[in-house]
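Go by the hints and put chain B onto chain A.
2 protein chains.
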Amino acid sequence: MNPTLEIFSQGEEIVTGQIADTNAAWLSQQAIQLGFTVTRHTAVGDKLDDLVGLLREIAGRADCCICTGGLGPTSDDLTAEAVALAFDLPLTFDEIAFAQIRQFFTNRNRAMPESNRKQAMLPKGAERLDNEWGTAPGFAVEYGRCRFAFIPGVPSEMQHLFLEKILPTLHQRFSLQPEQLVTIKTIGIGESAIQERLNAVVIPDRVQLGFRAGPEEVQTKLLFPADYPKPAMSTLVNQVAERLGNVVFAIDGLGETAGDLVSVIDKLMSGKHTLAVIETASHGMLSSLCIGRDWLLSASYEQNIARLGQQPSADNDHLINTTKALAVDLQKSSGADIILVQLYTGDSHTLHDKNRSIVVYTGLLNGERFEQASHSIGGSIKRKQNQAALLSLDLLRRYLQDKL
Amino acid sequence: MNPTLEIFSQGEEIVTGQIADTNAAWLSQQAIQLGFTVTRHTAVGDKLDDLVGLLREIAGRADCCICTGGLGPTSDDLTAEAVALAFDLPLTFDEIAFAQIRQFFTNRNRAMPESNRKQAMLPKGAERLDNEWGTAPGFAVEYGRCRFAFIPGVPSEMQHLFLEKILPTLHQRFSLQPEQLVTIKTIGIGESAIQERLNAVVIPDRVQLGFRAGPEEVQTKLLFPADYPKPAMSTLVNQVAERLGNVVFAIDGLGETAGDLVSVIDKLMSGKHTLAVIETASHGMLSSLCIGRDWLLSASYEQNIARLGQQPSADNDHLINTTKALAVDLQKSSGADIILVQLYTGDSHTLHDKNRSIVVYTGLLNGERFEQASHSIGGSIKRKQNQAALLSLDLLRRYLQDKL
Chain A
1 MNPTLEIFSQ GEEIVTGQIA DTNAAWLSQQ AIQLGFTVTR HTAVGDKLDD LVGLLREIAG
61 RADCCICTGG LGPTSDDLTA EAVALAFDLP LTFDEIAFAQ IRQFFTNRNR AMPESNRKQA
121 MLPKGAERLD NEWGTAPGFA VEYGRCRFAF IPGVPSEMQH LFLEKILPTL HQRFSLQPEQ
181 LVTIKTIGIG ESAIQERLNA VVIPDRVQLG FRAGPEEVQT KLLFPADYPK PAMSTLVNQV
241 AERLGNVVFA IDGLGETAGD LVSVIDKLMS GKHTLAVIET ASHGMLSSLC IGRDWLLSAS
301 YEQNIARLGQ QPSADNDHLI NTTKALAVDL QKSSGADIIL VQLYTGDSHT LHDKNRSIVV
361 YTGLLNGERF EQASHSIGGS IKRKQNQAAL LSLDLLRRYL QDKL
Chain B
1001 MNPTLEIFSQ GEEIVTGQIA DTNAAWLSQQ AIQLGFTVTR HTAVGDKLDD LVGLLREIAG
1061 RADCCICTGG LGPTSDDLTA EAVALAFDLP LTFDEIAFAQ IRQFFTNRNR AMPESNRKQA
1121 MLPKGAERLD NEWGTAPGFA VEYGRCRFAF IPGVPSEMQH LFLEKILPTL HQRFSLQPEQ
1181 LVTIKTIGIG ESAIQERLNA VVIPDRVQLG FRAGPEEVQT KLLFPADYPK PAMSTLVNQV
1241 AERLGNVVFA IDGLGETAGD LVSVIDKLMS GKHTLAVIET ASHGMLSSLC IGRDWLLSAS
1301 YEQNIARLGQ QPSADNDHLI NTTKALAVDL QKSSGADIIL VQLYTGDSHT LHDKNRSIVV
1361 YTGLLNGERF EQASHSIGGS IKRKQNQAAL LSLDLLRRYL QDKL
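Sequence lines, in order, name chains A and B.
The first sequence begins at 1 in my numbering and counts up by one.
The second sequence begins at 1001 in my numbering and counts up by one.
If we strip away everything but chain A, and leave its shape as in the complex, we get:
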């Protein structure tokens, strides 16, 4: 039997519904991949009695509990106090925690407000979880049969602390038999189209097939039992990936993790190529997704497509010619070896109307070689922006992987 794990979230913003508890979902996925059975999520606000009662309950029924939130500097951040009361571990000043908190402010050239001192008060005997990504350290304690870890609710800090400080200790403390998850990531194809393509593939009973459609990618998930033989696993995964074709941009779970589309492109571009971009429908999103990637030399967004030379009555040929002419100019002026130019049919009304689609054209120029792709994109203006950015970048990915 897998050890059981609960997620406990603290924060008025969750119980009052200002935010959905995406931390609980993320942590559950991680825990399941590790080999835990996640039995319950609980979220409460900032009532001390509720927190104390719940911590004691969980200590009596779960093997592990990950708690997020309530570690901030303000008076409604009560987690440490609740732990102290629930498990009779009085709060104690932690000098190292305090030094780290002060350093956080020093690094930002800011004076540490007095209220942040509170964050250095940890339950007696707690193991400090150093937080290099924010002000407050997390901490871990054991009580009853349960190992508790307390970490901040800010998603980036929460994820860092879980992956770097908690995950390694879980492997030491629990005998975990993780199932093996392989995720095949695609872009430019919907969930039902994927399902249709996979009808021809026989999935053994012991393997669970699942899908997850998000704004960035559609994931096809294959969950294998812990003892499933690796070669049979690879064979099945390759069969699925082949059926899906060049829409597959990455496969996670067979070896190294590829990350998102931009990470995949980053591996192909870094130190080999540079890029300059004109984007229209994606409205800065393409450039924004490439933050921190040195190969993106410049990007410009232009609202008025006419200023780029596109006629309102543009047909396919005209669009391709305009894209190509813009790419040739940008190749000369930017100094980048690869150029992406994005145009789209339709105007500001089409872009805003969630019931109408735009067609996004992307041209790619590298030396003399010119490639192009077009995609129809519907939905809200944000969806159009996001898909336009990703589909233009995906032309670059396919070009670099020789999968046009």
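Hints in this document: simulated from the structure, not taken from any laboratory.
Glycine included, C-beta positions come from ideal geometry on N, C-alpha and C.
Please note that the accuracy of each hint is not assured.
[What the hints assert, rightly or not] To be clear about the criterion: a stretch of chain B counts as covered by chain A if any three or more of its residues have a C-beta under 8 Å from a C-beta of chain A, and this derived list gives those stretches:
1) 1014 to 1020
2) 1152 to 1162
3) 1201 to 1212
Relative to chain A, chain B alone:
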């Protein structure tokens, strides 16, 4: 005292983290607007014992509970059975429910699978909640002090059933006094600095002060009881806003809702001004935040600050002069009446290093008038990008509101 309400979600897809529990967030917001205090969210999977135990617990501590999920036709849909066991209300065949389920299939020209018959079995004495938007009816029961409503987990059905069948009965059964929430939204100031500024303001005991720090803004929240007099409310809110100063970009809850920073700017720009931008540290994010805003004519991102004329050894004066020169050029070429130019100190290494800060300079040119602002920004590269975009836009907001 407000009646208390809990949200109880059933489904393996929630405890395993395949989806975040957005139903719980939506229902909580609704409940709070009605005048409930939401005390807890709980999610469990499809273990019958867990469900029975939890239902009994909730019956002993909450006045109302909205339960979602577990009403489907399959064997892992256990909610009705759990209610029958927990509250000793044996499942009974409901002919009207069965007729509705059959009708659902008839309307879609499909034969009703035998498994759907199960959905017509309701706990004895339960009040049926007719579901015109899906197959399964919901139902309501009372046990102990608690009124329970059970509805499907499909968000559209859940929302319809809540709004049309549950909400009206809540008004009849509970004496509801909705509290009044005012949110003061700031940018460019941290939570602890806000708290320090507010030390001088006397917050009456009946008013709850809270904070929420997100990547886009920091919110200061004042929650007033239902009977709190409006003039006293306005006075307190104005006092708080005045203490906070020009970092306040919007106040929600006194009249119309202002939305986020870009929405506030949109109201000030639309039909009056146009904007062209050069962005550096924000790497397309500024442009991307303005998706669908017709006043943004063009934006360009340039990685190599030297190409923009900035010297590596730039001092303050040099930065201001470079910013100004770029703004003047862009004013001529873009046709926009307001120009924003963003530069920053440091290089690609400083940008990547989460322990080092950059100083972002923004210049704004409108006709002959030139304004500038600078901010030190630390943290991860994504945080620097986001803050650079928002702080540059905030200079525009303060300029337009005459709050420099």
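Hint check:
1. 1014 to 1020: Our answer is that it holds, as 7 residues pass the Cβ test (under 8 Å) against chain A, meeting three.
2. 1152 to 1162: Our answer is that it is violated, as 0 residues pass the Cβ test (under 8 Å) against chain A, missing three.
3. 1201 to 1212: Coverage by chain A holds for the segment 1201 to 1212 of chain B (3 residues, Cβ < 8 Å).
This entry does not satisfy hint 2, going by the numbered hints stated previously; all others are met.
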